[in-house]
Amino acid sequence: MAKILLVEDDELVRDMLAQVLKRAKHEVQTASNGDEATELLKTSKPEIMVTDIIMPQKSGITLISEVKNKHPDMEIIAISGGGRLDPTGYLDLSESLGASVSFEKPIDNQALLMAIDLLAHSKEKN
Amino acid sequence: MSLVSSLETSAPWIILIGGVLFSFQIILLLWLKKKFREREMSLLRAEEGKQNLEKALLQGQKLQAIGTLAGGIAHDFNNVLYAISGYTEMAREDTPKDSMTYQNLGKVLEGCQRGKELIARILTFSRRQHHDFEPIALKSTIESALGLLRPTIPASVTIDFIADANDCVILGNQTQLHQVIVNMINNAVDAMDGEGKITLKLSATPPFCKIEMSDTGHGMDQTTMERMYEPFFTTKEVGKGTGLGLSTVHAIVSEHKGEISVNSQLGRGTTFTILLPQEGVPNNG
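Listed in order, the protein sequences are those of chains A and B. Residue numbering for the first sequence follows our numbering, beginning at 15 and increasing consecutively. Residue numbering for the second sequence follows our numbering, beginning at 17 and increasing consecutively.
Take these hints with a grain of salt, some might be off.
[Said to hold, decoys possible] Pairs of lysine to any residue residues, derived as SDA-like cross-links and limited to a Cα-Cα distance of at most 25 Å, are as follows:
(1) A:K56 / A:K72
(2) A:K82 / A:S114
(3) B:K213 / B:E228
(4) A:K59 / B:T168
(5) B:K132 / A:E25
(6) A:K72 / A:K39
(7) A:K82 / B:A171
(8) A:K59 / A:L133
(9) A:K72 / A:E109
(10) A:K84 / B:P167
(11) A:K39 / B:D110
(12) B:K51 / B:S21
(13) A:K84 / B:I169
(14) A:K72 / A:N83
(15) B:K217 / B:S156
(16) B:K123 / A:A125
(17) B:K113 / B:Q129
(18) A:K82 / B:M208
(19) A:K17 / B:P167
(20) B:K132 / A:A125
(21) B:K213 / A:T76
[To be verified] One side only, chain B facing chain A, incomplete, derived with CB under 7 Å:
(22) H91
(23) N95
(24) L97
(25) Y98
(26) A99
(27) G102
(28) Y103
(29) K132
(30) L164
(31) H194
[Claimed, not checked] Pair ranges (Cβ atoms, derived):
(32) B:P223 / A:E138: 31 to 41 Å
(33) B:R137 / A:A125: 18 to 28 Å
(34) B:S115 / A:R37: 41 to 51 Å
(35) B:D92 / A:S58: 25 to 35 Å
(36) A:K59 / B:M241: 42 to 52 Å
I should point out that these hints are in silico values taken from the structure, not numbers from a laboratory. Built from N, CA and C at the ideal position, the CB exists for glycine as well.
Work the whole structure out from these sequences, hints included.
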């Protein structure tokens, strides 16, 4: 079980993903954009952050850059539906800025859960 | 000599000279007519070419607009499809496997899969048609990339950015250019073992914009320099680098019709120079 912060602006995707993560016995907090996530991180210390990239107000890219500075131990998973600009470019950039894994939507949720387990286990070992 | 006899002697000459002059006139007229027609044809061709160009441009713009539109729709549609398939999978997990509901939910997932393939096709189209190249001011692009990076870089690494007073504009893709700066600076930070100075210089050397990046790291040997752009080539510890950083940089610079070169000495740091074609400055070289 891991403590996860889920940042996603699309309400349907946010609710669905939160359910998927909870069913896999993870503890989930949600934020609908980068600003909300920053506020939440002032009081909460999740082990893993799953964040969308294209979001209003603060984008996922800016959020990743900030989180890597303030919480260097937090594992980050970037997800993007892409299309507006080159989605692969965004995901590559998010990995260069410190995201451990990135997924292009629609995501295979089993693969996402496996990535979360792997990251959580490697954190436990360290 | 009488007038008659002198006329008799010079008549053939007068006729000959007259004939030659007349022929010249005819040739000149024919030549002028030909030139006139050629000019007329070339004007017509130029006009036709202009019209074709305008047509192609309009067609290109239309395709680009369709691409952008398709890309935007695809992005939102991916979210919708993702939500549908996610909820359906969960509902299916809660349903007995031998029930009709389980089978029907399976059909919903099949539908989602078809939708996913369709979106992938639309996105391929949108990416092929829409190159996302636009005029980019390099100074502000580098500044914003540095803004993204600074929080992730150790305090013991200083980054100096020196730019010409006049900004340098190229045709490019902002995200890809961010990627170039981020990858190169990450490499430099690793080469310096987290301590040292990175100097970025931006200048206009028509017809190019020049980005120079020097670090005070451990430099590279000849073998590393020869192989550094190869995908998956890395000198970093296992798990620390993918070996794709510089090959991505190289691919992006090439896509922008630019050049990248390196100067490095072991123990003395490395300088990368990137030349990108300035927008609106023809390259005759």
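* **Proposed proximity, A:N83 with A:K72 (alpha carbon, max 25 Å)** => holds, 16 Å
* Asked: For the hint on B:H91, does the least C-beta distance to chain A fall short of 7 Å?
  -> holds, 3 Å
* Is A:K17 within 25 Å of B:P167, Cα to Cα? -> holds, 24 Å
* Given the hinted pair A:K84 and B:P167, is their alpha-carbon gap at most 25 Å? -> Distance of about 8 Å is within 25 Å: holds.
* Can the hint on B:G102 be confirmed by a CB-to-CB distance to chain A that is less than 7 Å? -> Holds: closest Cβ of chain A sits about 4 Å from B:G102, inside 7 Å.
* To do: Grab the minimum C-beta distance from B:Y98 to chain A and call the hint holds if it beats 7 Å, violated otherwise.
  => At 4 Å from the nearest chain A Cβ, B:Y98 passes the 7 Å test, so the hint holds.
* Status of the B:K132 interface restraint (C-beta, 7 Å, chain A) -> The hint holds - B:K132 has a Cβ within 7 Å of chain A, the shortest such distance being about 6 Å.
* Between B:K213 and A:T76, is the straight-line Cα distance small enough, at 25 Å or below? -> holds, 24 Å
* Asked: Taken at face value, is the distance from the CA of A:E109 to the CA of A:K72 at most 25 Å?
  -> Within the cut-off at roughly 18 Å; holds.
* Pairwise hint evaluation, A:L133 against A:K59, where the allowed Cα distance is 25 Å at most -> holds, 16 Å
* Would the pair A:K56 and A:K72 pass a check requiring their Cα atoms to be no farther apart than 25 Å? -> holds, 16 Å
* B:L164 as an interface hint toward chain A, with CB separation required under 7 Å -> Interface hint status for B:L164: holds (5 Å vs cutoff 7 Å).
Hint compliance for this structure: hints 6, 12, 32 and 34 are broken, all remaining hints hold.
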